[in-house]
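Fit chain B to the known structure of chain A by using the hints.
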Amino acid sequence: MTRTDLSRRGLLSAAAGLGLTVGFMGHAARAEGGSHRKKMITVIARGAMDGLSASPPVGDPDYAGLRGRIAIPADQALKLDATFALHPALAGVHGLALKGQARIAPAVAGPDRARSHFEAQDVLESGAAVVYGTASGFLNRALEAMPARKTEALSVGATAPLILRGKVQTGSWSPGAAAGGSPRLPAILGDLYADDPLLGPALARGLETEAMAAMAMQDSPGQAPAVMAGGGAQGLVRQGQALARSIGATVAGFMRQDNGPQIVAISVDGWDTHANQGAAEGQLANRLLYLDALLMGLHDGLAADWKDTVVVVATEFGRTARINGTGGTDHGTGSTAFLLGGGLKPGGIIGDWPTLKASALFEGRDTRPTLDLRGLFKGVLADHMGLDRRALDATVFPDSAGVAPVSGLV
Amino acid sequence: MPMPSRDVSAAIAVTRFGLGARPGELAGVGGDPRDWLLAQIRPTGADQPQVGGETSAVRIQAFRAYQTERRDMRRADGETASDRDPVQIAARMLREGTAVDFLARARLAATTPAGFRERWALFWANHFTVSAVKLITATVAGPFEQEAIRPHVFGRFEDLLIASTAHPAMLLYLDQAQSVGPGSQAAAVLARRRRAGAAAGGGLNENLAREILELHTVGVDGGYSQADVTEFARALTGWSVGGLREAEDRQGRFVFRAAAHEPGPRTVMGRSYRQDEAAQAAAILRDLAAHPATARHLARKIARHFVADEPPPGLVSRLEAAWTASDGNLSAVARALVEAPEAWEPRPAKFKTPYEFLISSWRAIGGQPGAIEHLAPPLNALGQRPFSAPSPKGWDETAATWAAPDAVIKRMAWAEGFSAAVAGELDPDTVAREALGGRLSEPVRIAVARAESREEALSILLMSPEFQRR
Numbered sequence: 002m003t004r005t006d007l008s009r010r011g012l013l014s015a016a017a018g019l020g021l022t023v024g025f026m027g028h029a030a031r032a033e034g035g036s037h038r039k040k041m042i043t044v045i046a047r048g049a050m051d052g053l054s055a056s057p058p059v060g061d062p063d064y065a066g067l068r069g070r071i072a073i074p075a076d077q078a079l080k081l082d083a084t085f086a087l088h089p090a091l092a093g094v095h096g097l098a099l100k101g102q103a104r105i106a107p108a109v110a111g112p113d114r115a116r117s118h119f120e121a122q123d124v125l126e127s128g129a130a131v132v133y134g135t136a137s138g139f140l141n142r143a144l145e146a147m148p149a150r151k152t153e154a155l156s157v158g159a160t161a162p163l164i165l166r167g168k169v170q171t172g173s174w175s176p177g178a179a180a181g182g183s184p185r186l187p188a189i190l191g192d193l194y195a196d197d198p199l200l201g202p203a204l205a206r207g208l209e210t211e212a213m214a215a216m217a218m219q220d221s222p223g224q225a226p227a228v229m230a231g232g233g234a235q236g237l238v239r240q241g242q243a244l245a246r247s248i249g250a251t252v253a254g255f256m257r258q259d260n261g262p263q264i265v266a267i268s269v270d271g272w273d274t275h276a277n278q279g280a281a282e283g284q285l286a287n288r289l290l291y292l293d294a295l296l297m298g299l300h301d302g303l304a305a306d307w308k309d310t311v312v313v314v315a316t317e318f319g320r321t322a323r324i325n326g327t328g329g330t331d332h333g334t335g336s337t338a339f340l341l342g343g344g345l346k347p348g349g350i351i352g353d354w355p356t357l358k359a360s361a362l363f364e365g366r367d368t369r370p371t372l373d374l375r376g377l378f379k380g381v382l383a384d385h386m387g388l389d390r391r392a393l394d395a396t397v398f399p400d401s402a403g404v405a406p407v408s409g410l411v
Numbered sequence: 038m039p040m041p042s043r044d045v046s047a048a049i050a051v052t053r054f055g056l057g058a059r060p061g062e063l064a065g066v067g068g069d070p071r072d073w074l075l076a077q078i079r080p081t082g083a084d085q086p087q088v089g090g091e092t093s094a095v096r097i098q099a100f101r102a103y104q105t106e107r108r109d110m111r112r113a114d115g116e117t118a119s120d121r122d123p124v125q126i127a128a129r130m131l132r133e134g135t136a137v138d139f140l141a142r143a144r145l146a147a148t149t150p151a152g153f154r155e156r157w158a159l160f161w162a163n164h165f166t167v168s169a170v171k172l173i174t175a176t177v178a179g180p181f182e183q184e185a186i187r188p189h190v191f192g193r194f195e196d197l198l199i200a201s202t203a204h205p206a207m208l209l210y211l212d213q214a215q216s217v218g219p220g221s222q223a224a225a226v227l228a229r230r231r232r233a234g235a236a237a238g239g240g241l242n243e244n245l246a247r248e249i250l251e252l253h254t255v256g257v258d259g260g261y262s263q264a265d266v267t268e269f270a271r272a273l274t275g276w277s278v279g280g281l282r283e284a285e286d287r288q289g290r291f292v293f294r295a296a297a298h299e300p301g302p303r304t305v306m307g308r309s310y311r312q313d314e315a316a317q318a319a320a321i322l323r324d325l326a327a328h329p330a331t332a333r334h335l336a337r338k339i340a341r342h343f344v345a346d347e348p349p350p351g352l353v354s355r356l357e358a359a360w361t362a363s364d365g366n367l368s369a370v371a372r373a374l375v376e377a378p379e380a381w382e383p384r385p386a387k388f389k390t391p392y393e394f395l396i397s398s399w400r401a402i403g404g405q406p407g408a409i410e411h412l413a414p415p416l417n418a419l420g421q422r423p424f425s426a427p428s429p430k431g432w433d434e435t436a437a438t439w440a441a442p443d444a445v446i447k448r449m450a451w452a453e454g455f456s457a458a459v460a461g462e463l464d465p466d467t468v469a470r471e472a473l474g475g476r477l478s479e480p481v482r483i484a485v486a487r488a489e490s491r492e493e494a495l496s497i498l499l500m501s502p503e504f505q506r507r
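One line per chain: the protein sequences are A and B, in this order. Numbering of the first sequence is given in the numbering used here, commencing with residue 2 and proceeding in unit increments. Numbering of the second sequence is given in the numbering used here, commencing with residue 38 and proceeding in unit increments.
Be a bit skeptical, because a hint or two may be false.
[To be verified] With a cut-off of at most 30 Å between alpha-carbon atoms, the simulated BS3-like pairs for lysine-lysine come out as follows:
#1 B:Lys430 - B:Lys338
#2 A:Lys168 - B:Lys430
#3 B:Lys387 - B:Lys338
#4 A:Lys80 - A:Lys308
#5 A:Lys346 - A:Lys168
#6 A:Lys168 - B:Lys387
#7 B:Lys338 - A:Lys168
#8 A:Lys308 - A:Lys100
#9 A:Lys100 - A:Lys80
[To be verified] Covered by chain A, per the in silico footprint, the following chain B stretches (three or more residues, Cβ under 8 Å):
#10 393-400
#11 435-442
#12 474-488
#13 492-505
These are computed hints drawn from the structure, not numbers from a lab. C-beta: ideal position from N, C-alpha, C; glycine also.
With the rest of the complex left out, here is chain A (with noise of 0.2 Å):
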């Protein structure tokens, strides 16, 4: 076995481990240089990020009161402002911050107000206004839109995540063993899927990854770290870290290729603390651990091409901001987007703080958010990417005429 398929290994036990699945898709614009490409990453958690938690409003006079065993002590959190700081299990994320190069919006959500998972990310992930809209992701749609046709599309997990499904055909890849028997049976079954729709495009592109990835792991060797021996439950902490971080620098590999991907979708599962979801440590502080971790695997990763990147740290909805009967919270609406780069222009907060006074509250019970997510990604799609404001609001975001893209992020 050679040291390639020994570190893709390691990554495909890594990404199931953390719950990863990572997405991307390229658009090879051959005629503009590889440096110059701007890039985009959409971070998706999954399970309804507690924002509260995330990007504490420490110095909001009813969070603590609201928060009670579960809010983040004010002289742990990572201060930002006068109002807000970082979980202490940021603390990547809070340098970047402290630079200029993150910035969060403590209020957003998408159009959806049903608190179901599943509507919520069929919602995030379609750009549609209202559940089951579209089919097709809209990630996808965006490259349909973008000035340069010549398109390539790549998912890395082992499932087709629906931001990137529609028209342009996707690849996929997961680390992970390759084909490697008889050499005549994917020109075989090639014949056989002819005028298979589903298998045959899958097939075909499949095998092109194939070799495309085998280069980019070559390029990026012993991305895999040492299995770390003993240490209990933190060892595994600590292991899940690094494996998060050599996640992202392999997906920065991908991406620094010439003709590698300039848009990447990446899941992060595990974050639907109904019970037991602690404060400064804890579940929910293992699971921002890894965040972090991943966030700057891929900041350090993409090096000088991190000043040409933007990343969107987005979740369904929000968390209800009172502590719920068993150590945790219920599913929300208002939540924290994170936003990361190396070209960010400076500023506070993006959006309005609503506050957490009772009568500010969504329903009573949530953060009311004051920003339509879908503006945050057209703001970025629009400022950095160079997609026009009518395919924004028409085919990305169908229906979002409404939605203003937010300005000036980039």
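Relative to the frame of chain A, chain B by itself:
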């Protein structure tokens, strides 16, 4: 729509309704494949996998004892090296119990002569998902299916719903076990303890109530509001699981904690329910089972699982009518499915999930998996980790999810490895004929016949468009 020819309809019966044909199985289907399917429906429920028989109560007790021991050890020594830690060894044993459960279930699927009965059970197990993503539910996902699902899959939906909701595995998976009514006696005691500085829990958790409405019964467009979710969650308070400090016959089993139950009447979806302890939530469950939106939601879901990702509306209407006419008698619904002409469309529209692909491959060669190592690695690679659906919604059922380019490459790699291991003395032409019967296409028959080796021939068969679908 007339029935397809006998050869094609026999192949549809065994591969679409069932889990794939074993050698000789198609020949035994008989004159009318519908009769062969109807004979698999039986009121006593689905078959049980052959396992050691550890109940969920035993598994939960063992797991809680392990948690207590772990806490004590941490207090004593701080962190310990994982390889020699007796507590980690205990955790591994619990995981191995799960592996035994999963292997037994796969061996049943690979060998059963009643593939339709088993597919029907798997459908309901996925509908009432308890995922092994939490440590405690990892140990009981198998027993849950044996205790709460399999006995009820041909009975009344209402009984299946109540059995799954009241099962300790579900109560733990969706955080119901610890939910406390804010106005209950227990909440008052906990509030006093909190004032005294203790880190006491004690309050409402609406997770299970929401998923029952959204996923298990009326569906997301079933007409309920946030207030209905909260009211239902209040009614469910007290439905819990006996702990280690309780009497032996309560440990790890369903218990009703009257002290944690929110007092008073409740209103859910326009109906009011008087204060009646555990019976209050049971009455709500019975009304949800009988709700017309539940019949519609489940009719569509069954049609989607068995026939097409976008099922024919005529089929959905038939299933809904059978559901309504029989008050949710699942035998009657299964019969309506078998008798619906839309279910016999010759073109296969369903792309097999990874589990279905693996199981049907073993059936095609007349074999069965011998160890969890034959199952877990390929299922992980293909995105369907054993007993670990990504959410309470269960595994997705659509081709768009499972037929990603990478997945096709991974299936090809698995088919090659599997074929290399099992091709041995098999005659691939016979395997192809017996596995697909009237569904075997001429191009695939020729490609199998012309292959350079048995291994290649079997790989071609397993990866053929018709074997990948059902």
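We went through each hint and held it up to the structure:
1. For the hint pairing Lys430 (chain B) with Lys338 (chain B), the CA-to-CA distance comes to about 12 Å; that is within 30 Å, so the pair holds.
2. For the suggested pair Lys168 (chain A) and Lys430 (chain B), the alpha carbons sit about 26 Å apart, so the restraint of at most 30 Å is met.
3. Annotation: proposed proximity of Lys387 (chain B) to Lys338 (chain B) holds, straight-line Cα distance about 13 Å (limit 30 Å).
4. About 24 Å separates the Cα atoms of Lys80 (chain A) and Lys308 (chain A), which keeps this hinted pair within 30 Å; it holds.
5. Of the pairs offered as hints, the one joining Lys346 (chain A) and Lys168 (chain A) is violated, with about 34 Å between alpha carbons and a cut-off of 30 Å exceeded.
6. Restraint check: the Cα-Cα separation between Lys168 (chain A) and Lys387 (chain B) comes to about 21 Å, which is no more than 30 Å; the hinted pair holds.
7. Pair hint Lys338 (chain B) plus Lys168 (chain A) holds up; C-alpha atoms about 26 Å apart against a cutoff of 30 Å.
8. Straight-line distance between C-alpha atoms of Lys308 (chain A) and Lys100 (chain A) comes to about 12 Å, which keeps the hinted pair within the 30 Å bound.
9. Our distance criterion of 30 Å between C-alpha atoms is met by Lys100 (chain A) and Lys80 (chain A), whose separation comes to about 13 Å.
10. Check on the segment 393-400 of chain B: 0 of its residues sit with their Cβ under 8 Å from a Cβ of chain A, so the three-residue criterion for coverage is violated.
11. For the segment 435-442 of chain B, the proposed coverage by chain A is satisfied: 7 residues have a C-beta within less than 8 Å of a C-beta in that chain, meeting the threshold of three.
12. Proximity of the segment 474-488 of chain B to chain A, defined as three or more residues with a beta carbon under 8 Å from a beta carbon of that chain, is established by the 4 residues found.
13. Only residues whose beta carbon comes within less than 8 Å of a beta carbon in chain A count, and the segment 492-505 of chain B has 8; three or more means the coverage holds.
Hints 5, 10 from the list above are not met by this structure, while the remaining hints are.
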